[in-house]
Amino acid sequence: MSNLLDIENLSVRFPTRSGSFEAVRGISLSLGRERLGIVGESGSGKSMTGRAILGLIRKPGQVTADRLEMQGESLLTASPKRMRAIRGKHISMIMQDPKYSLNPVMTVGDQIIEALRTHEKVGKAEAYKRALEMLDAVAIREPERVMKLYPHEVSGGMGQRIMIAMMLIPNPEILIADEPTSALDVSVQLQVLEIMDKLVRERGMGLIFISHDLNLVAGFCDRVAVMYAGRIVEVCEAGRLHEAKHPYTLGLLNSVPDLERPRPRLEALTRDPAWREAPSVSALL
Amino acid sequence: MSLPEIQIEGLEVFFGDGTERTRVVHGIDLNVAQGESYGLVGESGSGKSTVLRALVGLVPDWAGAMSVGGEKLSRIGRSKEFYRRVQMVFQDPYASLHPRQTVDRVLSETLALHGIKDGVDARIDRLLEQVGLGGGFRFRYPHQLSGGQRQRVAIARALAPEPKVLLLDEPTSALDVSVQAEILNLLSDLRSEFGLTYLMVSHDLGVIGHMCDRVAVMQTGEIVETLEVDAMRRLQAEHPYTRHLLDSALRSSGHAGMAADAKLSAG
Ligand SMILES: Nc1ncnc2c1ncn2[C@@H]1O[C@H](COP(=O)(O)OP(=O)(O)OP(=O)(O)O)[C@@H](O)[C@H]1O
Ligand SMILES: Nc1ncnc2c1ncn2[C@@H]1O[C@H](COP(=O)(O)OP(=O)(O)OP(=O)(O)O)[C@@H](O)[C@H]1O
Ligand SMILES: [Mg+2]
Ligand SMILES: [Mg+2]
Numbered sequence: 001m002s003n004l005l006d007i008e009n010l011s012v013r014f015p016t017r018s019g020s021f022e023a024v025r026g027i028s029l030s031l032g033r034e035r036l037g038i039v040g041e042s043g044s045g046k047s048m049t050g051r052a053i054l055g056l057i058r059k060p061g062q063v064t065a066d067r068l069e070m071q072g073e074s075l076l077t078a079s080p081k082r083m084r085a086i087r088g089k090h091i092s093m094i095m096q097d098p099k100y101s102l103n104p105v106m107t108v109g110d111q112i113i114e115a116l117r118t119h120e121k122v123g124k125a126e127a128y129k130r131a132l133e134m135l136d137a138v139a140i141r142e143p144e145r146v147m148k149l150y151p152h153e154v155s156g157g158m159g160q161r162i163m164i165a166m167m168l169i170p171n172p173e174i175l176i177a178d179e180p181t182s183a184l185d186v187s188v189q190l191q192v193l194e195i196m197d198k199l200v201r202e203r204g205m206g207l208i209f210i211s212h213d214l215n216l217v218a219g220f221c222d223r224v225a226v227m228y229a230g231r232i233v234e235v236c237e238a239g240r241l242h243e244a245k246h247p248y249t250l251g252l253l254n255s256v257p258d259l260e261r262p263r264p265r266l267e268a269l270t271r272d273p274a275w276r277e278a279p280s281v282s283a284l285l
Numbered sequence: 001m002s003l004p005e006i007q008i009e010g011l012e013v014f015f016g017d018g019t020e021r022t023r024v025v026h027g028i029d030l031n032v033a034q035g036e037s038y039g040l041v042g043e044s045g046s047g048k049s050t051v052l053r054a055l056v057g058l059v060p061d062w063a064g065a066m067s068v069g070g071e072k073l074s075r076i077g078r079s080k081e082f083y084r085r086v087q088m089v090f091q092d093p094y095a096s097l098h099p100r101q102t103v104d105r106v107l108s109e110t111l112a113l114h115g116i117k118d119g120v121d122a123r124i125d126r127l128l129e130q131v132g133l134g135g136g137f138r139f140r141y142p143h144q145l146s147g148g149q150r151q152r153v154a155i156a157r158a159l160a161p162e163p164k165v166l167l168l169d170e171p172t173s174a175l176d177v178s179v180q181a182e183i184l185n186l187l188s189d190l191r192s193e194f195g196l197t198y199l200m201v202s203h204d205l206g207v208i209g210h211m212c213d214r215v216a217v218m219q220t221g222e223i224v225e226t227l228e229v230d231a232m233r234r235l236q237a238e239h240p241y242t243r244h245l246l247d248s249a250l251r252s253s254g255h256a257g258m259a260a261d262a263k264l265s266a267g
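From first to last, the protein sequence lines are chains W and L.
Read in order, the letters of the first sequence correspond to residues 1 to 285 in UniProt numbering.
Read in order, the letters of the second sequence correspond to residues 1 to 267 in UniProt numbering.
Hints are computed from structural coordinates only; laboratory data are not their basis.
You may find that some hints are simply not true.
[Claimed, not checked] EDC-like cross-link-like pairs, simulated, lysine to aspartate or glutamate; straight-line CA separation at most 20 Å: (1) K148(W) - E20(L); (2) K89(W) - D66(W); (3) K89(W) - E173(W); (4) K81(W) - E114(W); (5) K148(W) - D17(L); (6) K245(W) - E267(W).
[As the list claims (entries may be wrong)] Away from chain L, derived, C-beta distances all over 12 Å, residues of chain W: (7) G61; (8) T64; (9) S74; (10) K81; (11) R82; (12) Q96; (13) H119; (14) K124; (15) E173; (16) T181; (17) S187.
[What the hints assert, rightly or not] Estimated spans, in silico, between C-beta atoms of each pair: (18) A33(L) - I195(W): 33 to 43 Å; (19) E81(L) - T118(W): 43 to 53 Å; (20) N171(W) - S192(L): 48 to 58 Å; (21) A78(W) - H239(L): 19 to 29 Å; (22) T64(W) - L186(L): 47 to 57 Å; (23) A85(W) - S192(L): 51 to 61 Å; (24) A274(W) - G16(L): 24 to 34 Å; (25) I76(L) - K59(W): 36 to 46 Å; (26) Y141(L) - D136(W): 33 to 43 Å.
In this text, a Cβ means the ideal position worked out from N, Cα and C, and glycines have one as well.
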């Protein structure tokens, strides 16, 4: 079976005062109809990888790759018009900061309805009904009231779920979810994961799940790529993340505070300069 | 016993006008002792951020009584002295940083606002270092930072006036675990060194367990239970919602195979 995404030697660079800064440094990965987790420390290039796939790196940022393909179609050479069609319909991204990504002067309801109607021919009443159902599915209380609110009037976790609802409503084949549950309480988090999981299982969606929650990724994903300083340092089966070998991954696992096993002090990571230099590990299928 | 540092009695908060006016916080009581670290957890949308925002004077329509450090709080707006004493780290790091201000300007303006004129340059360096950002970040704009880097700037800004009370709204939920560990260690050190008082919202019960002594659990605008963190750790909760929350936390950390369930039903 063919992959949904194939990426080889992807780099993202930004010019800065002190020369060019490479946020992503030649990573390779593919995505099947699976749940691929990306973990790694702040600034390691997780979000930039997601944005590069969608053609959303703003100038003066630069994206290069030997191959960046969605089911055989090159995303590097696609026209802006084609990319707009791909975004939403084929690939959706739940942005890390939902409130920033939502339109501040449009009600939540109108935004979800618009997201649906740009990709599908549906009447207003039908779109309203589906938007309401979607909010209900992501466990929003009183969805009728919330449809009428503006983004600044909803809580952090509500904003995140509204963004999820908006991205899922056009039924994408690939979903890139950037820290999609970081603002959710654990109970709602489970419900939201269940929705994404169902889409992977029942509709064969491919999911890239970016998160810093290692336990969550270990339990929820199929494969995990661990990023450090713009490269992939380790790839493993998610269920075996706790058997990881790379000292960086072990360091990350060690710094998680555990409710049941309290410690007086959390372990902070000591970074080894050699980690930056090691070649990127391939996450191709 | 000395007076609590933070005292909230019968707090109600309303949003909207006229027929649209809805009550989102339904009369809560909360006391945080001086030097204590108090956790606020609960359902998304239950009013946790609203309580913190009410304390710092960002919510116009409220009833009840609140005081910080013995000073009774007025309806809206707070004095400059109040903000020197009480700082808040907001849940949403994008919205809380001005898009056209560099990190350097954010911090130097905060220091100036609080009348700190000595050694500004060195202080900014130290603040950035404390939150794990090297000097290379000093002249960047918010859009040139990752999510976690932005959150660290927001934490540095809150620490700048050397406050006595910190209201922390999901301070580390945008951070990876290694940076989170550094920030939590820093917060612990500051508390023991300067006797700071924390009121901290987090949905991560591991973080709450690590940082707090007591915790209040909120659901739909009410505190349904308050408990010692030790009791929470031993899963000794009374209220069904607290039990549900603890149960979900165990499941999502992979203790009782949510993944196994999912993979079974897939196969
Ligand atoms: N416009 C820009 N100019 C310069 N550097 C940038 C720019 N945008 C991002 N960066 C840098 O690129 C690196 C990777 O950023 P990215 O947002 O991918 O990190 P991340 O892994 O998603 O981190 P987080 O977990 O904190 O969200 C960061 O060090 C960031 O500072
Ligand atoms: N400006 C506003 N106008 C109308 N409703 C508001 C406003 N601000 C907050 N609310 C409502 O108040 C309720 C509580 O919101 P709050 O942000 O306090 O929740 P929270 O407990 O912090 O949730 P989360 O964990 O998701 O951040 C929500 O239903 C929200 O929609
Ligand atoms: Mg990111
Ligand atoms: Mg909140």
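Hints breached by this structure = 2, 7, 12, 16, 17, 21, 22, 24
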